[in-house]
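Chemist: Each chain, letter by letter, is given below.
Protein chains: 2
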Amino acid sequence: MSDLVLHNYYRSSTSYRVRIALEMKGLSYTYVPHHLRHGEHLEPAYLAVNPQGLVPALVLDDGTLLTQSLAIVEYLDEIAPEPPLLPKDALGRARVRMLAQMIACDIHPVNNLRVLTSLRTLFGAGDEDVVNWFRHWVNEGFQPLEKILASSPETGTFCHGDTPGLADICLAAQVTNNARFGVDMTPYPVMSRIHAACMALPAFQKAAPQNQIDAE
Amino acid sequence: MSDLVLHNYYRSSTSYRVRIALEMKGLSYTYVPHHLRHGEHLEPAYLAVNPQGLVPALVLDDGTLLTQSLAIVEYLDEIAPEPPLLPKDALGRARVRMLAQMIACDIHPVNNLRVLTSLRTLFGAGDEDVVNWFRHWVNEGFQPLEKILASSPETGTFCHGDTPGLADICLAAQVTNNARFGVDMTPYPVMSRIHAACMALPAFQKAAPQNQIDAE
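Chains as they are written, first to last, in the working numbering: chain D, 321 to 536; chain U, 321 to 536.
Isolated chain D (complex conformation):
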């Protein structure tokens, strides 16, 4: 498994998700940075690897390309089952995938760099508009997420029980990303507590944006 190549960007929260999973599984990989703000992901050499020109992308040792962070994390969980990132029961798996997708489908895509850039170029959005847009969609998603986590007996030290998994990976990456946009976490005590529990783990620290070779 030493021939995994991860195309990514230190500050991309979807890249961060995959890095956490790789660290948790103890899988070594080659880190290939693509500076999104310099458009390096749109250069022909990278488009030949990944036609979508997005990060993260994981290239397996036989050259197979995998994209989409949740698909990659579930793949890693299947080929390297320990420690498990999803519960054993179908209902538990559904709950963890639901929590993960509340971030991965309802928050992150709308706040992606390319969408924020489009708001500027198409509608003349300024810095304040962009920050407000980002915060709005985070809060739209975090309010019900906090409510579900606070009221559910399945919530433990982490989103589902007392071991970290797929939902925690998404939560930690999103909360870390939020800091750049000054999102107030006061209304989210449960998520704040879970985020702190995640960041106390070596895998989440090693994978963190500021600890990558392309960090600025």
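I should point out that these hints are in silico values taken from the structure, not numbers from a laboratory. Be a bit skeptical, because a hint or two may be false.
[Claimed, not checked] Below, in silico cross-link-like pairs of lysine to aspartate or glutamate (EDC-like), each with a Cα-Cα straight-line distance of 16 Å or less:
#1 U:Lys-345 to U:Asp-409
#2 U:Lys-408 to U:Glu-343
#3 U:Lys-408 to D:Glu-402
#4 D:Lys-408 to U:Asp-397
#5 U:Lys-408 to D:Asp-397
#6 D:Lys-345 to D:Glu-402
#7 D:Lys-526 to D:Asp-323
#8 U:Lys-526 to U:Glu-398
#9 U:Lys-345 to U:Glu-402
#10 D:Lys-408 to U:Glu-398
#11 D:Lys-345 to D:Asp-323
#12 U:Lys-345 to U:Glu-360
Quick caveat: nothing in here was measured; it's all calculated off a predicted structure.
Given the coordinates of chain D, assemble chain U onto it according to the supplied hints.
Modeler: Chain U alone, transformed into the frame defined by chain D:
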């Protein structure tokens, strides 16, 4: 399994995904419509069921709430394994989840009704702006998706081999939704062919927006 309750909206493409899976699995369910354009999903009675106020939401017979269409479809696939919606091998599953998420994470969320409405209210976007925005993000996602499907030996009658699965569910729902925004499908012959193969199946027809009780 006759006590499944699906909160949904005929025209919501994420609702359509779940309906297709329910039909493919032969699971009966109670259809509860929420008219998104009339704001019915934000009424207190529904927020008590689903704090996120989004559709689809599936309520199980014990009252458990499941949201997020991909999480729901994978749950249905686990409790009712036939016909399978994911391949048996880890790499095949990763490929199908990747294709599904290229639509579910990179296209649909950015073109959701609530996002389009925000473009109007926050930035004064008009009808043409909204249509262009929608088409732009579809094309951004469909170009690489078509390339991957056209070049991959795993592509068959459907996205992955000759039986329909999770990726086809997302593809069919997205292509159906595209029609309302006049997306030109000419550049996407493989996807058009797969969409036609899906729509020839009774499950995709029965679940289609125009065949629901709340269709207008």
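Chemist: Evaluate each hint against the coordinates.
Modeler: Results for each hint:
1. Our distance criterion of 16 Å between C-alpha atoms is broken by Lys-345 (chain U) and Asp-409 (chain U), whose separation comes to about 21 Å.
2. A distance of roughly 21 Å separates the Cα atoms of Lys-408 (chain U) and Glu-343 (chain U); the hinted pair therefore is violated under the 16 Å criterion.
3. The hinted pair formed by Lys-408 (chain U) and Glu-402 (chain D) fails the criterion: a straight-line CA distance of about 20 Å is larger than 16 Å.
4. Straight-line distance between C-alpha atoms of Lys-408 (chain D) and Asp-397 (chain U) comes to about 15 Å, which keeps the hinted pair within the 16 Å bound.
5. Our distance criterion of 16 Å between C-alpha atoms is met by Lys-408 (chain U) and Asp-397 (chain D), whose separation comes to about 15 Å.
6. A threshold of 16 Å between alpha carbons decides the hint, and for Lys-345 (chain D) with Glu-402 (chain D) the separation of about 6 Å falls inside it, so the pair holds.
7. The suggested pairing of Lys-526 (chain D) with Asp-323 (chain D) is violated, with an alpha-carbon distance near 19 Å, which exceeds 16 Å.
8. Of the supplied pair hints, the one linking Lys-526 (chain U) and Glu-398 (chain U) is violated, its CA atoms being roughly 22 Å apart against a limit of 16 Å.
9. Distance hint between Lys-345 (chain U) and Glu-402 (chain U) is fulfilled; the C-alpha atoms sit about 6 Å from each other, no more than 16 Å.
10. Distance hint between Lys-408 (chain D) and Glu-398 (chain U) is fulfilled; the C-alpha atoms sit about 11 Å from each other, no more than 16 Å.
11. Taking the CA atoms of Lys-345 (chain D) and Asp-323 (chain D), the gap is about 15 Å. The hint holds against a cut of 16 Å.
12. Restraint check for Lys-345 (chain U) and Glu-360 (chain U): not satisfied, since their Cα atoms lie roughly 29 Å apart, outside the 16 Å limit.
Of the hints listed earlier, those the structure fails to meet are numbers 1, 2, 3, 7, 8 and 12, in rising order.
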